[in-house]
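Residue numbers (the working numbering), protein chains in the order written: chain A, 21 to 371; chain B, 21 to 371.
The set of hints was computed from the structure by calculation and includes no laboratory data.
Among the hints, erroneous ones may be present.
Pairs count within a copy or across copies, as identical chains cannot be separated in the list.
[Said to hold, decoys possible] For lysine-lysine, the following BS3-like pairs were computed, each having C-alpha atoms within a straight-line distance of at most 30 Å: (1) Lys187 x Lys25; (2) Lys137 x Lys156; (3) Lys187 x Lys301; (4) Lys67 x Lys301; (5) Lys335 x Lys45; (6) Lys312 x Lys99; (7) Lys45 x Lys214; (8) Lys137 x Lys214; (9) Lys99 x Lys301; (10) Lys137 x Lys25; (11) Lys242 x Lys187; (12) Lys328 x Lys99; (13) Lys156 x Lys278; (14) Lys25 x Lys312; (15) Lys278 x Lys335; (16) Lys62 x Lys278; (17) Lys155 x Lys301; (18) Lys99 x Lys187; (19) Lys45 x Lys278; (20) Lys328 x Lys301; (21) Lys212 x Lys301; (22) Lys312 x Lys156; (23) Lys137 x Lys308; (24) Lys45 x Lys301; (25) Lys301 x Lys62; (26) Lys156 x Lys301; (27) Lys214 x Lys187; (28) Lys308 x Lys278; (29) Lys25 x Lys308.
Protein chains: 2
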Amino acid sequence: MVGNKYAVALVGYGGMGHWHARLLKEFEEIFLYGIYDINPEKLAAAKADGYVAYNSFAELCADETVDVVLVATPNDFHKEYIIGAMRAGKAAISEKPVTLSSADLQDMIDVSRETGKLFTVHQNRRWDGDFRVIKKIYDEGMLGDIHRIESRVHGSRGIPGDWRGQKVHGGGMVLDWGVHILDQMLLLVPEKIKSIYAHMHHVTNYEVDDGFEIVLHFESGKTALLEVGTSNFINLPRWYMLGENGTAQVDNFHAEGKIVNITNWDNRDAVPIVTAAGLTKTMAPRTKETIKEQPLPVVESDIHDYYKNIVAVLKGEAEQIVRHDQLMRVMRVMEAAFEADRLGQIVPFEA
Amino acid sequence: MVGNKYAVALVGYGGMGHWHARLLKEFEEIFLYGIYDINPEKLAAAKADGYVAYNSFAELCADETVDVVLVATPNDFHKEYIIGAMRAGKAAISEKPVTLSSADLQDMIDVSRETGKLFTVHQNRRWDGDFRVIKKIYDEGMLGDIHRIESRVHGSRGIPGDWRGQKVHGGGMVLDWGVHILDQMLLLVPEKIKSIYAHMHHVTNYEVDDGFEIVLHFESGKTALLEVGTSNFINLPRWYMLGENGTAQVDNFHAEGKIVNITNWDNRDAVPIVTAAGLTKTMAPRTKETIKEQPLPVVESDIHDYYKNIVAVLKGEAEQIVRHDQLMRVMRVMEAAFEADRLGQIVPFEA
C-alpha cells in the first residue's frame, strides 16, 4: 500500500496493460504502482511513464509495497505468474482467458484456497452495454419465454498476427472472444447445459481457430448460438433474441437496435409476399396493427465497478464478482466445444 | 390434348391450385383443362371458373383428353394421386414436398420407371431471384473460396392453422419451407455431405416443427446453415455467404443486398472500437481503402421455364429439370435432420 491506496503491479505492458494503466488512474483507493515486462523496450516505456520498473518477476514479488499483481501477458504465462504472485502473498488478477485448460485453472484455484489470497479474472465485457441491455430484456421478460439467443461478434481483419495466432500461447478466437461471449451467455441463462455443438473455422489460420459457431442446448429446450468470425466483411447483429411474444435485436457494441412485440395473435391478416416464382402467406410481414416496435431499454453500466469490487474484496467488505466456479464452467464449456469440433459430434455436458 | 395443347388436370383447388391456374393461362402449348377437389364448394368454384369439374379422381383419370395430372393437395395425398395418375397413363406433377418419406418417394419413382410416365415436382423456388443471385455469386467465384452459406426464411405468423400444423398430413416447416431451401442449397453446393446437425422448434406447435436450424457439413469443410422461423418478429437476412475474399448478403426475397470484397489484406490500419468496458482492434471495421462494396448482380429468372420444360419433356425434346435423384437426396436430408433432432446428435450422411 502507499498511504491508503492499494498498489497494483502489472506484468505485461502491451495493449491490455496500457488499457489497465489508463483505467487505474481513475480511482481513489487503488492505483498502478509498478510494471514488469520481459521486453526491455516496454520496460523502459513503463519507467518513462512514471512507474516503478522491475527487472524480474522475483523483484516485483519481493516488493512489499505491492498488494495486487495484474497479469496481462500472452495467455500461456498467466498460470505461472498468478500462482507466483499468490505464493508471494499478493492478490492476483489475470487477464482473460484465465489459462489454457480446466486442469491449470484448478491448480490456480487450489493455490488461492491454500494461501487465502484473492484470485480473479478481468472479465470486463460483463460491463459492456450491449450485454447489459440484452440481460435486462431477458430478466424482465420483455419478450415472454425465451427460446433462442444468438450472440455474434464479426470482424474482417483475420486473426491478429501476434501470439494470438499461435496454439502454444493459447491463441485462437474461442479463447480470445469465446471466453467473453460464453461468460456473458452463462450469466444470462441460469440453466444447466445439456449438450454442446461446435464448429471451428480455419479460414486464415490452420493452427488455431479464427472463428467458430458453438450451440448450447439448455435443459429447458432453449438454445444459444455463440458465433465469432474474423473474415466477415458484412456483420450480422451483435445479439438476436427470440421470445414467444417478441424479438430483440442489438445491432452493435453501442447497443443500438430495437424490440418488436406481438400485440394481437388473433389478427391473421396478411398480404402474401409475391416472389419471382411463388408466393407465401406464412412468411408475409405482419400488419402494423398486430405489432409494436420500441427502442431498446437504456441500461447504465460502469467498468469502474470492476476495480471498486476488487477494493471491496481486499477490504473484506464484498464477495468477488468474477467467481472461480464461473471461470471453471466457462473453461469446461470451451474444452467441450473443442472436443465437439474434433469429434464432429454433439457432446453431453451437465445432463 | 386439345388441338396441339397439352391438357392439365389439377387435383386440389386451394392456394397453390389457384396459383397454377393463373400461371397456366400464360402458355401456348399447355393449359389447365379440368379440376378435381374433394371439397364440393371448391369443385363448384372450379366449374364456375370455366374448368371441367370431375366428381372423382377416377373420372379425372378416365378422361382421355388429360395429358398431365398436377397434384396440389395436402402432402399426405400426393403419393396416391401421383401413382394413380401414372397408372392411368398420365404424366404426373406433384406440389412439394413430394411426399412424407424416402420409402414413399421410391414407390413413386418405381411406378414412373415401370410405366415410363413423367413424374416430377414443382420445385418453383429454384426460379426465385434471391436464390439465382446467390448462385451466380457462388458459381462465378465472386467471393473467392466459400466456407459458409446461411439461408434463412423468417416469418412471425406462427405455423399456418390448417393441415400444415398436423403431422398426419405432413405438416411442419421442414417439409413446407425446408424442402425449398434444402433443394436450393444442394443445387448450390455440388459436394457430398459428411454429416447433418438439426434442431427443431416447437414455439407455437408441439405436433410438428414450426421452425428449425439444420447445418450441413460438406466434404470440403464448408458448412451450410438452413434456418426457418415462424415466431421471428425481426428478420435476419435471407442469405449470408462468406468467402475468403468477401461476403454477400441478400436481404429478402426481392434480392436486395450487397457484396463487400477485400481489396487489400496487407493494410492493417484500424481504429479500435471502444466499448463501454473495453476495446477491440480485431473486430474494428476495415478502412474504406481496403474494401470495395458493390450491388448484387442482376439475374434474369422466369418461372415460365418450369412449364416450358414440362412441355419439352412431353415432346421428348429435353430432360426434366427437377430430377428423381435430386428429390430423393433432399428427402433423405430431411429424414436425417429429423433423426438428428430426435437423437440430439450429428448424424453421418454421405461420408
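Verification of the supplied hints:
no.	hint	in the structure
1	Lys187 x Lys25	neither (39 Å within a copy, 69 Å between copies)
2	Lys137 x Lys156	neither (33 Å within a copy, 61 Å between copies)
3	Lys187 x Lys301	between (50 Å within a copy, 20 Å between copies)
4	Lys67 x Lys301	between (69 Å within a copy, 26 Å between copies)
5	Lys335 x Lys45	within (20 Å within a copy, 84 Å between copies)
6	Lys312 x Lys99	neither (50 Å within a copy, 44 Å between copies)
7	Lys45 x Lys214	neither (44 Å within a copy, 55 Å between copies)
8	Lys137 x Lys214	neither (34 Å within a copy, 50 Å between copies)
9	Lys99 x Lys301	between (58 Å within a copy, 25 Å between copies)
10	Lys137 x Lys25	within (18 Å within a copy, 89 Å between copies)
11	Lys242 x Lys187	between (33 Å within a copy, 23 Å between copies)
12	Lys328 x Lys99	within (24 Å within a copy, 70 Å between copies)
13	Lys156 x Lys278	within (13 Å within a copy, 33 Å between copies)
14	Lys25 x Lys312	neither (51 Å within a copy, 52 Å between copies)
15	Lys278 x Lys335	neither (41 Å within a copy, 56 Å between copies)
16	Lys62 x Lys278	neither (44 Å within a copy, 44 Å between copies)
17	Lys155 x Lys301	between (33 Å within a copy, 25 Å between copies)
18	Lys99 x Lys187	within (16 Å within a copy, 55 Å between copies)
19	Lys45 x Lys278	neither (36 Å within a copy, 45 Å between copies)
20	Lys328 x Lys301	between (54 Å within a copy, 27 Å between copies)
21	Lys212 x Lys301	neither (38 Å within a copy, 33 Å between copies)
22	Lys312 x Lys156	within (19 Å within a copy, 38 Å between copies)
23	Lys137 x Lys308	neither (58 Å within a copy, 49 Å between copies)
24	Lys45 x Lys301	between (59 Å within a copy, 23 Å between copies)
25	Lys301 x Lys62	between (63 Å within a copy, 20 Å between copies)
26	Lys156 x Lys301	between (34 Å within a copy, 27 Å between copies)
27	Lys214 x Lys187	both (28 Å within a copy, 27 Å between copies)
28	Lys308 x Lys278	both (15 Å within a copy, 28 Å between copies)
29	Lys25 x Lys308	neither (58 Å within a copy, 46 Å between copies)
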